[in-house]
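Residue numbers (our numbering), protein chains in the order written: chain X, 1 to 52; chain H, 1 to 527.
Hints in this document: simulated from the structure, not taken from any laboratory.
Warning: the hint list may mix true and false statements.
[To be verified] Stretches of chain H that chain X covers, calculated by requiring three or more beta carbons in the stretch to come under 8 Å of a beta carbon on chain X:
| id | stretch |
| --- | --- |
| 1 | 35-47 |
| 2 | 80-94 |
| 3 | 141-152 |
| 4 | 221-229 |
The beta-carbon is built from N, C-alpha and C at its ideal position, and this holds for glycine as well.
Letter by letter, the chains look like this.
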Amino acid sequence: MIKGNFEIKKVEQESRSDQEKFEDLIEKSGIGSHMVFRTSKNDDDELFLDDL
Amino acid sequence: MKVLLIHPPVRVDHDPLDMPQGLMILASIAIQEGHQTALMDLNSQRPVPTWQDAAKQMAVEKWDIIAIGGLSSMYNDIVKVLKIARKLNPDALIVCGGGFITYMPDKIMKFCPEIDIAGIGEGEELFRDVLRTKEKGGNWANVQGICYRDDDQILFTAPRPLIPDLDVLPLPAYDLVDVEAYFKFSGSLWTAPGSWQSKRRMNMVTERGCPRQCTFCTHNGMNRWDQEMILGKERVRQMDKEVGFQAVVRFFSPRYVIDHALHLYEKYNIDYLCLMDENNTASPGRMHEFCDLWIKEGLHKKIRLATGGDAPSIKPDLVKHMKEANFSLIGIGGESGSDRILLGDIGKGVTRAHNQKAIEVLQQGGITPSMTFMVGNPNEDINDVLETVDFFIQNNAIVDPFICTPFPGTRIFFDNQDFILQQYDERLALLEKSPNPNISDEIIKKWKDEALQKFLLSLNNATDYSCTVSKKFDYADLLAVKHFMHEQDTDKLLKLAHMRGWNHDKKWDNICPVCIAEKEVSLVVSR
Chain X
1 MIKGNFEIKK VEQESRSDQE KFEDLIEKSG IGSHMVFRTS KNDDDELFLD DL
Chain H
1 MKVLLIHPPV RVDHDPLDMP QGLMILASIA IQEGHQTALM DLNSQRPVPT WQDAAKQMAV
61 EKWDIIAIGG LSSMYNDIVK VLKIARKLNP DALIVCGGGF ITYMPDKIMK FCPEIDIAGI
121 GEGEELFRDV LRTKEKGGNW ANVQGICYRD DDQILFTAPR PLIPDLDVLP LPAYDLVDVE
181 AYFKFSGSLW TAPGSWQSKR RMNMVTERGC PRQCTFCTHN GMNRWDQEMI LGKERVRQMD
241 KEVGFQAVVR FFSPRYVIDH ALHLYEKYNI DYLCLMDENN TASPGRMHEF CDLWIKEGLH
301 KKIRLATGGD APSIKPDLVK HMKEANFSLI GIGGESGSDR ILLGDIGKGV TRAHNQKAIE
361 VLQQGGITPS MTFMVGNPNE DINDVLETVD FFIQNNAIVD PFICTPFPGT RIFFDNQDFI
421 LQQYDERLAL LEKSPNPNIS DEIIKKWKDE ALQKFLLSLN NATDYSCTVS KKFDYADLLA
481 VKHFMHEQDT DKLLKLAHMR GWNHDKKWDN ICPVCIAEKE VSLVVSR
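Sequences are here, hints too, so could you generate the full structure?
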């Protein structure tokens, strides 16, 4: 995700739960005509600004 | 200084197609200037990294300068990146550039308080000046082509002329991108022999601008047409006198492009190279020179090629030479099957006959033609749509047309601003129908700004609907028409014409199910 001309500490990306992977799949491919619950994320928390 | 360049995600529902070449050149410039430079590419993976992961990675260093670039279609994510970048780096200088900010830098800076400096148009020498000025303490008034903050004001500096010789630019900093990550998606681009089989495809931009002036198109502030749109014709003519002619199109020299390609072959063993240019055949002499050099270097035996072209310049001798150089695909903006739209609304200066001839010449020459089309130009009606579908059918081609979308900077954006904003604020739409003198200009201006922000946030790939400039179709019509064009379902298009009261030309009577039925019923009655 990041590369530089100097040494930068690489942060491992957090592994994702099956639910999150599934939501990514839905986001990318659509789901046909069956109802699927789209997201478990709260939009307000999406950027996690309060945690930074 | 520590310089971070950030490439936000692009079209997350598609595979990533392009490395961020513009930012990679800026990275090379920052390195040339002696800075510790990093590039954070949020687009190379699918799924894209979460914002939380991006923030954690950004937080490992304290950055002095953060540069973010992108197109209008990326605005939604750029806004998010900006919030994270500012929260983590309250003292950094945040510089933005690219198509999303070039055409209304003061407005975007008002909407995004995180931005310190907006770069207008071509960014390379501008970014070099920004780096040097920051080191000297930041006297921004002398840096050409930017918007900057001075207390509560947002100020413009003098315009920056185009770079006269593109060959002075350094190669993109490939070392700062995860090249192997992009190779995973090598086969995702364009359906032509060679491209979908490629294992190590790369893209390169070798042209800036275009000689044509299509009303739906922009060049990210990097040619004369765009400068005229931003500055006005008189100011650009003045620049012609002061600093040299501001060109409609500029190319890297064939020698520069081939040296670049040799570098990519030697370092990354690429097997396919897309020259992602707007109109690379518009200068046939240059293309012949390129093909000669490409063959002389033996690259035609190692790398297949694709590029974008221009229908009237597709001639048999040029196609023969390009085939010898190992071009497998030329993409062309076909836009419409109707000359009324091509010559009128779009102002392309190209006709259906030009497009047809280009397809035939390319097919005869063994290069795959690929054309894109659109629907929803301002005066495009059902007859134009049927002409376009007829073009698809005549050529046995499958096409899902784009929706004509007024991206900022285009002529259709500037010509339809009020109509666009009314689609994002019902109060403005109501006032258009029933003006109310009791509502002050200040309030209307506030509503317009809110609508503009909603519009910008809604922009995405033009395969999706965001807003329309059509005077003939509302958005429900437009989505239906687009779908039936893709299906080449002329029955439903003509039935829709009767349902909506759109007059179709007599030439379609013999395939229109409603007209055929009316004729048959009247014959039965008359008997």
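Each hint, compared with the structure:
Coverage of the stretch 35-47 of chain H by chain X holds in this model, with 11 residues showing a Cβ closer than 8 Å to a Cβ of that chain against a need of three. Counting residues of the stretch 80-94 of chain H whose C-beta sits closer than 8 Å to any C-beta of chain X gives 5, which meets the bar of three, so the coverage hint holds. Residues of the stretch 141-152 of chain H with a Cβ under 8 Å from some Cβ of chain X number 0, which does not satisfy the need for three, so the listed coverage is violated. Interface restraint, the stretch 221-229 of chain H with chain X: violated (0 residues with C-beta to C-beta distance below 8 Å; minimum three).
Checked against the numbered hints above, the structure breaks hints 3, 4 and satisfies the rest.
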